[in-house]
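K.L.:
Sequence:
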Amino acid sequence: MRAAIAVAIAACVGCAHAETIECPQRYAGAQLVGGSMYDGPAHEYELVGTLAEVIGGQNVAYQFPGAEVKWLACWYGKGAVQWRQVSTTVKRCEVRERRSRDRVLVMAECK
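Residues 1 to 111 in the numbering used here are what the sequence shown lists, from first letter to last.
Hints are not guaranteed to be accurate.
[What the hints assert, rightly or not] Computed Cβ-Cβ distance ranges for the label pairs, DEER-style:
(1) Ala52 to Gly29: 18 to 24 Å
(2) Arg98 to Ala67: 18 to 24 Å
(3) Arg103 to Leu51: 20 to 26 Å
[Claimed, not checked] With a cut-off of at most 16 Å between alpha-carbon atoms, the simulated EDC-like pairs for lysine to aspartate or glutamate come out as follows:
(4) Lys91 to Glu19
(5) Lys91 to Asp39
(6) Lys111 to Glu53
(7) Lys91 to Asp102
(8) Lys78 to Glu94
Quick caveat, the hints were computed from the structure, so don't treat them as lab data. Remember, predicted model here, so these are calculated numbers, not experimental data. The C-beta atom is built at its ideal place from N, Cα and C for all residues, glycine as well.
Start from the sequences and build out the full structure, keeping to the hints where you can.
P.N.:
Structure representation (structure tokens):
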């Protein structure tokens with residue numbers, strides 16, 4: 001039994017930590033208008049990703065070489081921003097932004 005557990009743990013050593021972060025539709029009394037990625041302990045550096053236009057919006061892919069602190073910035077009307085921290089173990093994120101006439105969806109899928 002112990003050998004089976006040790007094999008299972010060893011097999012998952014390279015497993016990537018995956019997480020999905022979605023921006024709430026409303027924050028501080030304002031409607032969601034977009035999202036982007038930042039890094040640094042005080043989210044001081046806006047990151048530039050690879051943009052792909054898709055039907056209804058865009059996907060932006062980001063790569064992270066190190067274990068720096070990463071943030072999804074959820075942007076709202078009236079200049080409000082909500083910072084959502086991303087795990088330091090992820091190496092890449094794809095921020096998906098979709099727009100319709102009356103709403104914006106922003107979600108980050110990170111691995």
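K.L.:
Run every hint past the structure and note whether it holds.
P.N.:
Okay, the hints, checked on the actual structure:
no.: 1; hint: Ala52 to Gly29: 18 to 24 Å; in the structure: violated (32 Å)
no.: 2; hint: Arg98 to Ala67: 18 to 24 Å; in the structure: violated (30 Å)
no.: 3; hint: Arg103 to Leu51: 20 to 26 Å; in the structure: holds (21 Å)
no.: 4; hint: Lys91 to Glu19; in the structure: holds (11 Å)
no.: 5; hint: Lys91 to Asp39; in the structure: holds (12 Å)
no.: 6; hint: Lys111 to Glu53; in the structure: violated (21 Å)
no.: 7; hint: Lys91 to Asp102; in the structure: violated (33 Å)
no.: 8; hint: Lys78 to Glu94; in the structure: violated (26 Å)
Figure legend: structure checked against the earlier numbered hints; hints not met, in rising order: 1, 2, 6, 7, 8.
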